[in-house]
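Undergrad: As a plain string of letters, each chain reads:
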Amino acid sequence: MDFFDYLGNVPEYLRDEWRSYLDLAIDHAQIVVTAILIATVIGVGLGVLTYRRPPAAKVVLTVTGTFLTIPSFALFGLFIPIFGLGSRPAIVALVMYALLPIVRNTITGLRSVDPAVTESAVGMGLSRGQRLARIELPLAWPVVVTGIRVSTQLTVGIAAIAAIVNGPGLGGPIFQGLRATGTQRGFNLAFSGTVSVALLALLFDLLFQVIARLTTSKGLR
Amino acid sequence: MTAPTVDRGGDVAGAGDALAAEELVEELGGPSPLWRWVGTPVVLAGVCAALYVYVQGQDLDRIEEAALNAPMIRQRVLEHLELTAVSTFFVIVIAVPLGMLVTRPATRRLAPAVLAVANVGQSIPSIGILVLLAVVVGIGFEQAITALVLYAVLPVLRNTMVGLDQVDRSLIEAGRGMGMTARQVLLRIELPLAVPVMLAGIRTALVINVGTAALATFIGAGGLGWIINQGNIHDRTPVLVTGSVLTAVVALALDWIAGIVEDLLRPKGT
Amino acid sequence: MTDASRSPEPMIRLESLTKRYPGQAVPAVDGITLDIPKGEIVVLVGPSGCGKTTVLKMINRLIEPTSGRVLIGGEDVTRADADELRRHIGYVIQQIGLFPHMTVAENVGMVPKLLHWEKQRIAARVDELLELVGLDPAEYRDRYPKELSGGQRQRVGVARALGADPPVMLMDEPFGAIDPITRDRLQNEFLRIQADVRKTIVFVTHDIDEAIKMGDRIAILREQSHIAQYDTPEAILTAPADGFVEDFIGAGAALKRLNLTRVREVPLDHWPAASVHEDRARLRRLLAESEQGSLLLLDEEDRPLRWVTARDLAREREPLHRVGLPATAVVEPHATLHDALDEMVTSTVGCAIVVDRRGRYQGVVDLGTVTSAIDEMRSDVRRRDRAVAEAEAAPGDAVGEVG
Numbered sequence: 003m004d005f006f007d008y009l010g011n012v013p014e015y016l017r018d019e020w021r022s023y024l025d026l027a028i029d030h031a032q033i034v035v036t037a038i039l040i041a042t043v044i045g046v047g048l049g050v051l052t053y054r055r056p057p058a059a060k061v062v063l064t065v066t067g068t069f070l071t072i073p074s075f076a077l078f079g080l081f082i083p084i085f086g087l088g089s090r091p092a093i094v095a096l097v098m099y100a101l102l103p104i105v106r107n108t109i110t111g112l113r114s115v116d117p118a119v120t121e122s123a124v125g126m127g128l129s130r131g132q133r134l135a136r137i138e139l140p141l142a143w144p145v146v147v148t149g150i151r152v153s154t155q156l157t158v159g160i161a162a163i164a165a166i167v168n169g170p171g172l173g174g175p176i177f178q179g180l181r182a183t184g185t186q187r188g189f190n191l192a193f194s195g196t197v198s199v200a201l202l203a204l205l206f207d208l209l210f211q212v213i214a215r216l217t218t219s220k221g222l223r
Numbered sequence: 005m006t007a008p009t010v011d012r013g014g015d016v017a018g019a020g021d022a023l024a025a026e027e028l029v030e031e032l033g034g035p036s037p038l039w040r041w042v043g044t045p046v047v048l049a050g051v052c053a054a055l056y057v058y059v060q061g062q063d064l065d066r067i068e069e070a071a072l073n074a075p076m077i078r079q080r081v082l083e084h085l086e087l088t089a090v091s092t093f094f095v096i097v098i099a100v101p102l103g104m105l106v107t108r109p110a111t112r113r114l115a116p117a118v119l120a121v122a123n124v125g126q127s128i129p130s131i132g133i134l135v136l137l138a139v140v141v142g143i144g145f146e147q148a149i150t151a152l153v154l155y156a157v158l159p160v161l162r163n164t165m166v167g168l169d170q171v172d173r174s175l176i177e178a179g180r181g182m183g184m185t186a187r188q189v190l191l192r193i194e195l196p197l198a199v200p201v202m203l204a205g206i207r208t209a210l211v212i213n214v215g216t217a218a219l220a221t222f223i224g225a226g227g228l229g230w231i232i233n234q235g236n237i238h239d240r241t242p243v244l245v246t247g248s249v250l251t252a253v254v255a256l257a258l259d260w261i262a263g264i265v266e267d268l269l270r271p272k273g274t
Numbered sequence: 002m003t004d005a006s007r008s009p010e011p012m013i014r015l016e017s018l019t020k021r022y023p024g025q026a027v028p029a030v031d032g033i034t035l036d037i038p039k040g041e042i043v044v045l046v047g048p049s050g051c052g053k054t055t056v057l058k059m060i061n062r063l064i065e066p067t068s069g070r071v072l073i074g075g076e077d078v079t080r081a082d083a084d085e086l087r088r089h090i091g092y093v094i095q096q097i098g099l100f101p102h103m104t105v106a107e108n109v110g111m112v113p114k115l116l117h118w119e120k121q122r123i124a125a126r127v128d129e130l131l132e133l134v135g136l137d138p139a140e141y142r143d144r145y146p147k148e149l150s151g152g153q154r155q156r157v158g159v160a161r162a163l164g165a166d167p168p169v170m171l172m173d174e175p176f177g178a179i180d181p182i183t184r185d186r187l188q189n190e191f192l193r194i195q196a197d198v199r200k201t202i203v204f205v206t207h208d209i210d211e212a213i214k215m216g217d218r219i220a221i222l223r224e225q226s227h228i229a230q231y232d233t234p235e236a237i238l239t240a241p242a243d244g245f246v247e248d249f250i251g252a253g254a255a256l257k258r259l260n261l262t263r264v265r266e267v268p269l270d271h272w273p274a275a276s277v278h279e280d281r282a283r284l285r286r287l288l289a290e291s292e293q294g295s296l297l298l299l300d301e302e303d304r305p306l307r308w309v310t311a312r313d314l315a316r317e318r319e320p321l322h323r324v325g326l327p328a329t330a331v332v333e334p335h336a337t338l339h340d341a342l343d344e345m346v347t348s349t350v351g352c353a354i355v356v357d358r359r360g361r362y363q364g365v366v367d368l369g370t371v372t373s374a375i376d377e378m379r380s381d382v383r384r385r386d387r388a389v390a391e392a393e394a395a396p397g398d399a400v401g402e403v404g
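Chains as they are written, first to last, in the working numbering: chain A, 3 to 223; chain B, 5 to 274; chain C, 2 to 404.
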């Protein structure tokens with residue numbers, strides 16, 4: 003059987019099984035969203051703390067960059083002895099992967115704010131915190147959102163590997179498919195899982211375009 | 005290219021470097037050369053030494069001994085390096101010429117379409133591509149290489165396009181104006197100036213490949229993933245830790261070498 | 002300077018050169034015909050969008066003309082190999098476009114290299130060119146463009162364009178991106194170089210003052226590169242062809258004319274001057290004999306030192322080099338009358354002191370010199386116009402290409 007023979011039988015399979023894939027997609031989305039929320043809080047926080055301190059910023063970027071270089075399978079493997087199996091090691095690993103794009107874009111965004119704007123805010127008597135909250139972060143926001151979006155794309159894909167540590171989500175059917183190579187059933191599982199992950203990624207991407215639009219000041223669009 | 009933008013066009017510039025902090029670190033005054041050249045290998049050597057001491061201290065059972073012996077580890081490391089090297093080679097051979105091709109004046113209109121296809125391709129999970137290939141074609145080294153190449157083409161393609169695209173138009177005009185042929189302008193002006201961006205893409209592809217190669221064990225292509233997987237299915241922590249740490253060390257070491265190559269190949273004067 | 006309509010053999014001839022872009026109702030350049038004499042700088046000047054850059058780029062075929070011909074040295078180049086053609090035409094653009102990954106020497110030697118010169122010949126040529134543009138080869142040869150100032154980059158750009166000693170150079174706003182003070186210096190330097198190399202140069206600018214300063218001839222272009230007037234700067238300033246040209250020149254045409262004459266071209270006035278080491282009695286006598294109220298004191302090497310009046314000379318106790326006022330408003334012979342006038346108004350005695358290159362006193366320029374120079378120019382142009390009118394009236398006489 004070739005690829006297209008297999009493919010032809012997938013719709014029938016999905017007619018019966020789409021509900022379980024929907025459930026898996028929701029699980030998958032759940033760990034991604036959880037990880038991204040945590041990573042955003044940590045990442046933006048680190049960015050805000052370090053964007054005016056280049057030595058500190060470099061350390062943060064180097065460390066988060068190193069996380070991203072570590073193969074996901076290795077990181078999941080390392081976390082099994084520490085966190086056991088399930089969604090906890092998965093989420094911790096995903097947070098680590100999601101950090102760099104968010105930190106990097108936060109720092110880049112904050113640094114790209116026109117110094118004249120900051121100076122005039124100082125001149126008007128805004129405090130350090132007020133400047134950050136009302137001027138700098140809103141101006142840097144589009145860049146920060148891009149970073150979060152990139153992180154999300156990244157983690158949606160990596161979360162599929164989390165099935166190795168018994169993580170929830172769409173990685174499950176993919177790995178099940180592996181146990182049935184050369185069969186229609188194996189193809190159904192691997193294909194449906196893979197395509198669902200891709201669709202979820204695209205869905206997140208669309209969502210972020212909407213978020214970027216809604217949360218960006220009209221003056222910046 | 006320092007600030008990724010919100011619009012789709014920004015994808016080209018922004019996401020291509022999403023996996024690297026280099027550019028921003030550069031802007032912040034550059035990494036300390038000491039760390040960049042010496043720090044990484046020292047730390048990695050330390051980690052390996054600690055791993056060795058840890059494993060030596062364990063009382064290994066038969067399963068553990070089967071996975072954790074020098075010939076086995078050497079074999080898995082070599083397999084891993086082979087998977088990474090071969091796939092990265094093919095990625096470069098495919099993506100660089102393609103990127104050059106679609107940025108020529110005559111074909112420039114194709115560039116957005118090519119990027120869109122590649123972008124969508126990137127949202128397919130690497131494990132999915134790997135498993136699908138195994139299911140349809142069967143397991144083995146070639147299938148693993150195919151999956152790795154498919155998955156890592158995008159960053160190199162995109163960075164080649166971006167790198168060529170960001171070359172100042174006035175340099176191209178100056179080159180043409182003094183009588184260089186289109187080919188000479190490409191080879192002597194555009195390509196050398198695009199090298200840093202292209203290398204960043206290749207380095208990203210290398211990191212992706214070394215990571216995805218860890219999954220190649222699932223389709224029978226070996227590599228360090230095999231050790232991790234042995235540790236996982238037999239629930240043997242020393243094996244799991246050794247596999248994971250070695251995989252991470254290999255990845256970081258390759259990235260370190262790539263960083264040095266990047267430093268050395270950067271055209272002078274830029 | 003010869004008359005525009007009578008240059009014997011033009012180096013470059015544009016014949017009904019036209020550029021039409023698809024989808025646009027009117028051509029960007031509509032049949033421009035122009036003769037560019039050998040060894041001269043012809044400036045194409047006009048408002049933005051008049052197509053002057055398009056005209057320029059059609060000469061080296063960075064833009065292919067829709068119709069018409071370009072003849073260089075009598076040869077139709079519109080069908081020649083474009084790359085080969087460009088290697089023999091120097092090209093300087095506003096952004097300069099130095100290749101950042103190549104050293105100064107590699108940049109300057111690029112065209113000779115394209116022409117397969119031998120290494121040693123290229124190296125010698127590079128050094129020669131760097132000398133020519135006033136950069137010490139030993140110091141600058143191996144630098145990268147980012148290690149140069151804006152002005153130095155510009156010089157390297159000019160040197161690069163001269164690489165294979167092309168007879169023709171095209172310059173597209175070459176000084177456009179440089180600060181005014183440096184620009185002035187670079188313009189002067191370029192004119193000095195041109196006096197040596199005598200290239201045929203087509204120069205595009207939107208700045209009429211630059212056109213007047215740089216051009217042996219100026220073609221003022223209106224939309225679609227129709228020529229409003231093609232003539233020497235003197236003639237254009239003195240007798241603008243129509244309202245468009247008049248508007249384009251703008252106010253202060255008379256003052257602009259002062260940029261056309263250099264101090265060395267006008268007769269200098271003499272001012273009583275003497276060495277600071279003369280005895281006071283002699284100085285007093287010298288001052289009394291002259292019609293002026295002050296005397297110019299010079300140092301041992303004849304360089305202007307102080308302006309002194311009879312009252313200053315009477316202060317016996319002060320040494321001479323401390324009395325009176327410092328001798329300011331000094332100009333060299335290559336300065337324009339405009340420069341001299343500028344200095345003059347700041348001078349206490351109402352004139353500019355002219356010195357030679359070593360700083361030795363030569364004479365002075367005052368307001369009278371300036372006004373008579375303007376008068377002179379005006380009558381020159383009238384005489385010429387009359388001659389042209391007579392020539393045109395004469396039957397069977399070929400009329401020039403102007404217009």
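Hints were generated in silico from the structure; no laboratory data involved. Don't take each hint at face value.
Claimed, not checked - Cross-link-like lysine-lysine pairs, in silico, BS3-like; alpha carbons within 30 Å at most: (1) C:257 x B:272; (2) C:257 x C:39; (3) C:257 x C:214; (4) B:272 x C:39; (5) B:272 x C:214.
Claimed, not checked - In silico negatives: residues of chain C with every beta carbon more than 10 Å from chain B: (6) 77; (7) 84; (8) 87; (9) 133; (10) 164; (11) 171; (12) 329; (13) 335.
We treat Cβ as the ideally placed atom computed from N, Cα and C, and that holds for glycine.
Undergrad: So, for every hint listed, does it hold in this structure?
TA: Right, here's what the structure says about each hint:
no.	hint	verdict
1	C:257 x B:272	violated (46 Å)
2	C:257 x C:39	holds (26 Å)
3	C:257 x C:214	holds (9 Å)
4	B:272 x C:39	violated (40 Å)
5	B:272 x C:214	violated (38 Å)
6	77	holds (18 Å)
7	84	violated (5 Å)
8	87	violated (4 Å)
9	133	holds (18 Å)
10	164	violated (7 Å)
11	171	violated (8 Å)
12	329	holds (42 Å)
13	335	holds (31 Å)
Hints 1, 4, 5, 7, 8, 10 and 11, counting from the list given before, are not met by this structure.
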